[in-house]
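Trainee: Sequence:
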Amino acid sequence: MAPSPALPPLAHQHGPEARGRALLALPDWSAVGQLNLDGLGLEALPADPHPAPHTTVLSAYDNQLHTVPAWVWTLPLTTLNLSANQLTELPEALGEVRTLTMLDLGHNALATLPNVFAGLGQLQFLYLSHNRLQTLPGSMRALPALRYLNVTDNALAELPGWLGELRGLTELRVYGNRLSGLPGDLGTLRALRELHAMNNTLTALPTALGHCAALEVLDLQGNALSRLPDALGCLGALRTLNLRFNALDALPETVGGWQQLETLDLRANRLTHLPGALATLPRLRKLDLRWNRLTRLPAAFADLAARGCLIYL
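full-length UniProt numbering puts the first residue of the sequence shown at 1, with every later residue one more than the last.
One should not assume that every hint holds.
Computed spacing ranges between beta-carbons, pair by pair [to be verified]:
no.: 1; residue 1: Gly119; residue 2: Thr295; range: 53 to 61 Å
no.: 2; residue 1: Gly308; residue 2: Pro137; range: 31 to 39 Å
no.: 3; residue 1: Thr135; residue 2: Arg190; range: 19 to 27 Å
Note that these hints are calculated values from the structure, not bench results.
Please read all numbers here as calculations on a predicted model, not as lab measurements.
Backbone N, C-alpha and C fix where the C-beta goes; we use that ideal spot for every residue, glycine too.
With the sequences and hints as input, model every part of the structure.
Mentor: Now the structure itself:
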C-alpha cells in the first residue's frame, strides 16, 4: 500500500525562495490545494509561509525535518505525509487536524506520541512504522474510521487490548517488534482481513483469534510458536497462512476448516506428521514443507498434488 497519493512535483527551490536546506517560501499551488515537498533534503519548513487556506494534501517525505511548524496543524488536511524525516516528537496540535484521513509518520525517531488521537475521528490510514515506540497512546482507541494500522519495526513489547475496539480495522501490521503474545481482544475485529505479525517472539496465539471470520492473510513467520489453537480452524476465509520459521511440532486436526486456503508455508518447523484433513483442502495450490522432520507423506497427499498443488519437501 503506497504511503501517500501522488502529488505535483515541486520545482527545485533556488534563488530567493531557498537558502541552504531551509525553504523560505512555498510555491503557489492554490489552484490544486496540494503541496509536495518530497525529497528536497530540507531541515526546516518556513515558519510563516501563508499557504493556500484550502490546502488538503501536504507531503514532506524524505527530508531531514526535526520539527513541524505550527501552520501545518491549522490546515484542513486530509493527507499528511511526514515519513522519512528526523522527528522525535509531535505537538498536541496534531489532534486539531480533524479532517485527516491519512497520516504517515513512518521512518522517524518518535519514542512517544501525543495522546490526542480522539480528535481524529475521520482517520482511516495510520502509518507509524520504523520508529522507537514502546507504547501506543490510549486515545487511539477512539478512531472509529480506522481501516489500516502499521506499527511495524518499533519496540513494542505488548499490544493494548483496546485494539479490539477498532471495529473497522481491515489490516493490522505489527511485525518486527518484541511481542511475545497477541491480545485476545483481537478476536472482536470481525472486519479484519490481514494480520501481519512476523518477526516477533510469539510463543502462543489467543484462541479468540479464531473469531476473526473475515481474515484472509495471516503472516506469523519468524516467531516461536510450538502449537496452534484448535480455534484457528474456524478461519474459513483464510487464503494465505505463513508459519515459516517457527517451532511447530504438530498442526491441529481442525485445519480442514481452511476451505479457501491457497498458500500454506510451513517451512523450517519441527513437524513429524501432518493431519489428513490438510490433504482435503480444495483450493490449496502451494504447500511448503521443507526443513521439517517428516519422514513420509500420507498417501492422500498424492491426490492433493494431482489436483495441482505444488508441494515442496
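Trainee: Hints first: check each against the structure and report whether it holds.
Mentor: Hint check:
1. Gly119 - Thr295: 53 to 61 Å: holds, 60 Å
2. Gly308 - Pro137: 31 to 39 Å: At 48 Å between Cβs, range violated.
3. Thr135 - Arg190: 19 to 27 Å: holds, 26 Å
Of the numbered hints stated above, the single one contradicted by the structure is hint 2.
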